[in-house]
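Asker: Here's the letter readout for the chains.
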Amino acid sequence: MSTRFILGATVVAAVLSLGTAAWAQGAAPSGNADQGKRLFVNDGCYQCHGYVGQGGNAGPRLAPAPVAFEAFSKQLREPQHDMPPYGEKILSDKDAADIYAYLQTVPKPPAVKDIPLLNQ
Amino acid sequence: MSKTSRTGVDRRKFLKGAALAGAATLAAPPVPGQAQSTAPAAGAAAGSTPLPTAQTAAAETGAPAHVRVLTQETCGSDFMVDCIKSLGIEYICSNPGSSFRSLQDSIITYGGNKSPEFIMCCHEESSVGMAHGYAKIEGKPAGVFAHGTVGLQHAAMGIYNAYCDRVPVYMVIGNGLDATKRRPGVEWLHTVQDACAMVRDFTKWDDTPASLQHFAESAVRAYKIATTPPMEPVVLVADGELQENPIPPDEKPRIPKLPRTAPPQGDSGAVAEAAKLLVDAENPVILADRCARTPAGIGLLVQLAEALQAPVCDLGGRMNFPSRHPLNQSNRTRALVQQADVILGIEMTDFWGATNEFEDQLHRTSKSVIKDATKRISLSSTDLNHKSNYQDFERFADVDVAITGDAEATLPALIEAVKRQIDAGRRSTLDDRGRKLGAAHKGLLERARADAAVGWDASPISTARMCMEVWNQIKGEDWSMVSPTGGVSRWPQRLWDFQKHYQHIGDSGGYGVGYAAPSSVGAALANRKYGRLTVSIQPDGDLMYAPGVLWTAAHHRIPMLAVMHNNRAYHQEVMHLQRMSNRRNRGVEMASVGCAITGPNIDYAKLAQSMGWYAEGPISDPKDLGPALQRAIAVVKRGEPAMVDVVTQPR
Chain A
0 MSTRFILGAT VVAAVLSLGT AAWAQGAAPS GNADQGKRLF VNDGCYQCHG
50 YVGQGGNAGP RLAPAPVAFE AFSKQLREPQ HDMPPYGEKI LSDKDAADIY
100 AYLQTVPKPP AVKDIPLLNQ
Chain B
0 MSKTSRTGVD RRKFLKGAAL AGAATLAAPP VPGQAQSTAP AAGAAAGSTP
50 LPTAQTAAAE TGAPAHVRVL TQETCGSDFM VDCIKSLGIE YICSNPGSSF
100 RSLQDSIITY GGNKSPEFIM CCHEESSVGM AHGYAKIEGK PAGVFAHGTV
150 GLQHAAMGIY NAYCDRVPVY MVIGNGLDAT KRRPGVEWLH TVQDACAMVR
200 DFTKWDDTPA SLQHFAESAV RAYKIATTPP MEPVVLVADG ELQENPIPPD
250 EKPRIPKLPR TAPPQGDSGA VAEAAKLLVD AENPVILADR CARTPAGIGL
300 LVQLAEALQA PVCDLGGRMN FPSRHPLNQS NRTRALVQQA DVILGIEMTD
350 FWGATNEFED QLHRTSKSVI KDATKRISLS STDLNHKSNY QDFERFADVD
400 VAITGDAEAT LPALIEAVKR QIDAGRRSTL DDRGRKLGAA HKGLLERARA
450 DAAVGWDASP ISTARMCMEV WNQIKGEDWS MVSPTGGVSR WPQRLWDFQK
500 HYQHIGDSGG YGVGYAAPSS VGAALANRKY GRLTVSIQPD GDLMYAPGVL
550 WTAAHHRIPM LAVMHNNRAY HQEVMHLQRM SNRRNRGVEM ASVGCAITGP
600 NIDYAKLAQS MGWYAEGPIS DPKDLGPALQ RAIAVVKRGE PAMVDVVTQP
650 R
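Line by line, the protein sequences give chains A and B.
The first sequence begins at 0 in numbering that gives the first Met the number 0 and counts up one residue at a time.
The second sequence begins at 0 in numbering that gives the first Met the number 0 and counts up one residue at a time.
Quick caveat, the hints were computed from the structure, so don't treat them as lab data.
Among these hints, one or two may not hold up.
Stated by the list, open to error - FRET-style restraints, in silico, Cβ to Cβ:
#1 B:87 <-> A:41: 53 to 59 Å
#2 B:114 <-> A:79: 52 to 58 Å
#3 B:572 <-> A:64: 28 to 34 Å
#4 A:91 <-> B:633: 49 to 55 Å
#5 A:86 <-> B:442: 56 to 62 Å
#6 A:112 <-> B:496: 16 to 22 Å
#7 A:26 <-> B:358: 44 to 50 Å
Backbone N, C-alpha and C fix where the C-beta goes; we use that ideal spot for every residue, glycine too.
Start from the sequences, fold in the hints, and give me the full structure.
Answerer: Structure, rendered in structure tokens:
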């Protein structure tokens with residue numbers, strides 16, 4: 000169990016660092032969120048990150064408010080740690096843009112204070 | 000064979016000798032009250048048909064040309080039960096088997112089926128899994144009976160899990176060494192020369208006693224070895240002849256006294272050295288894996304952490320440290336390890352893994368994540384019992400001070416040594432560090448709550464939502480969470496208030512799938528007499544290994560709540576398949592083949608209901624979950640098992 004726990008912590012830490020790293024902050028390409036949602040499931044993203052990108056032990060939180068597209072894309076193509084590499088042969092740039100568009104549509108969750116079960 | 004056995008009265012010799020007495024009985028007048036020996040004579044007196052001679056009987060039935068004695072007043076297995084009772088073993092978890100039929104009979108008749116009680120299992124893997132879970136709650140082993148061949152083969156994975164998890168399991172297996180005494184056919188197939196060889200690499204000790212006195216001494220020795228840290232499974236062979244033969248009249252086997260064994264304590268010089276390193280450290284971190292093996296262990300670790308005002312990362316091998324203690328920093332383990340100048344690893348499975356980063360990519364790479372000058376201290380009893388074949392010892396870790404000894408036995412000395420070395424000035428510095436850690440702890444809890452809120456209303460239900468719905472129902476009870484939590488992203492440890500040793504019992508140890516269901520039932524069996532509310536979050540794939548353990552829980556009225564983590568796949572393996580497919584640029588669309596548990600979806604509620612459980616589900620709408628859990632817990636409080644099947648997100 001310890002290895003798994005630590006691995007989970009590692010991945011979380013790595014992606015947290017993605018969020019604050021000095022990646023180029025270019026505009027995200029436009030994408031089709033509906034198609035992205037399908038790809039998010041068909042390409043297995045949800046297996047580690049959850050259906051709405053909420054994250055967990057196996058993969059970090061992706062949504063809402065995903066990291067900049069450049070950081071997102073770099074992690075897809077040249078992943079840090081154990082994430083499988085998604086090369087262009089299996090996930091086109093358009094697919095990546097669609098998935099990113101989907102993640103951008105994931106709504107903010109209710110405030111913690113408004114969820115009684117999270118206040119005990 | 001021992002001298003006693005050679006010269007004693009074995010079953011066949013006894014029968015042969017008794018035949019003479021039986022023959023004499025035939026000619027003697029009937030004696031009331033001697034059922035077996037008097038019945039034929041009584042028949043002869045009352046009936047008109049003369050008794051057949053022994054020769055006639057043999058000719059007609061193929062029986063040996065002597066009169067058989069068919070009953071006996073004593074048997075070796077009764078004495079074996081006396082041995083087992085002397086050890087205080089409460090339960091024998093077992094699927095019935097002919098190679099230990101005598102022992103089973105002695106348990107349920109001679110022994111009164113109480114202390115130990117025979118708990119009927121439907122698979123030997125379940126038997127061992129139950130004993131595994133039981134021991135982690137109760138702090139002592141349960142017994143497991145099994146065939147020496149096919150039963151032990153089934154049991155082997157469970158034994159390996161217990162071995163890796165440093166948990167004692169007391170195995171007694173049936174076998175029949177004397178080839179001339181075996182029944183033709185199956186009994187030969189169920190016999191093996193060296194029964195324990197199959198599991199010797201992952202048990203701590205085994206023996207094949209050749210006499211009852213030998214059995215008694217080995218029974219006590221096995222218990223002593225199993226329960227001395229590092230605790231591990233042991234195996235005793237109960238020979239069939241030894242079980243079934245009468246106890247020879249001239250044999251008076253005695254049961255040795257079970258010694259109170261003091262666990263091994265670490266060397267005092269090494270303890271003092273470790274204490275100095277810890278007190279002088281600016282950024283120490285304590286990693287605790289299987290530190291607390293008794294209720295006292297948590298208190299000791301709290302004392303050490305508070306003396307040092309050092310962060311503790313509970314790696315989850317046991318319930319080591321209160322989850323809401325300000326010094327609990329488990330959710331930022333890697334960051335603390337990276338910045339540490341001293342790391343104390345207690346009863347670690349994998350110290351190397353805790354201080355290194357390993358990438359499972361096409362080219363496997365690793366690098367240290369700690370600073371060059373960081374001092375590492377290990378405190379572990381596992382160093383006392385390494386074996387070669389199975390690689391549970393993990394990669395060799397560089398450590399500066401390796402204290403070989405049981406953590407709980409050594410911590411009092413370490414705490415005292417630490418306190419002695421802290422003067423007033425140092426105390427002030429440490430307290431300041433403690434305040435900062437307390438603030439960080441609050442931040443971690445807030446962060447966990449914010450993370451849990453994402454996907455709160457999603458369907459399939461998020462594992463965070465499921466865990467918090469469970470917590471909402473049990474938080475006011477005397478609860479015991481008995482299943483592993485890694486598969487649900489450790490939400491319980493992040494958000495629940497863990498305080499007591501029985502509120503978390505770790506993982507399988509060897510990652511052999513099929514552990515969670517039987518170990519949870521075994522833990523619930525141990526919890527039953529304390530009236531605790533046992534809860535497991537049951538992985539779906541794990542349950543399908545041997546779901547018959549559900550029947551065992553219902554049959555023996557073992558109350559527990561099982562909440563199905565029904566993500567409809569072996570998701571760990573899906574992720575491995577994704578890695579392989581993507582590495583080869585083939586895409587992951589096929590990764591669920593061979594891993595998904597769909598087509599058809601399994602109706603776990605019906606499965607449980609068919610075996611006597613109260614069950615609801617499948618539940619996909621998070622709003623329905625709370626009321627279902629409430630109804631199920633009401634059933635559990637009546638003393639029965641109940642299940643709620645929850646269709647969840649993967650992790």
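Asker: For the hint 28 to 34 Å, verify it against the beta carbon of residue 572 (chain B) and that of residue 64 (chain A).
Answerer: holds, 31 Å
Asker: Are residue 26 (chain A) and residue 358 (chain B) spaced within 44 to 50 Å by their CB atoms?
Answerer: violated, 31 Å
Asker: Falls inside 49 to 55 Å, the C-beta gap from residue 91 (chain A) to residue 633 (chain B)?
Answerer: holds, 54 Å
Asker: Regarding residue 112 (chain A) and residue 496 (chain B), is the given constraint of 16 to 22 Å on their beta-carbon distance met?
Answerer: holds, 19 Å
Asker: Does the hinted range 56 to 62 Å hold for residue 86 (chain A) and residue 442 (chain B) at CB?
Answerer: Since residue 86 (chain A) and residue 442 (chain B) have Cβ atoms about 38 Å apart, the given range 56 to 62 Å is violated.
Asker: Starting from the range 53 to 59 Å, see whether the pair residue 87 (chain B) and residue 41 (chain A) falls in it by beta-carbon distance.
Answerer: Holds, since residue 87 (chain B) and residue 41 (chain A) (Cβ atoms, about 57 Å apart) stay within the stated range.
Asker: Kindly confirm whether 52 to 58 Å is satisfied by the beta carbon distance between residue 114 (chain B) and residue 79 (chain A).
Answerer: Holds: the Cβ-Cβ distance is about 56 Å, inside 52 to 58 Å.
In terms of the numbered hints stated before, the structure departs from hints 5, 7, listed from lowest to highest.
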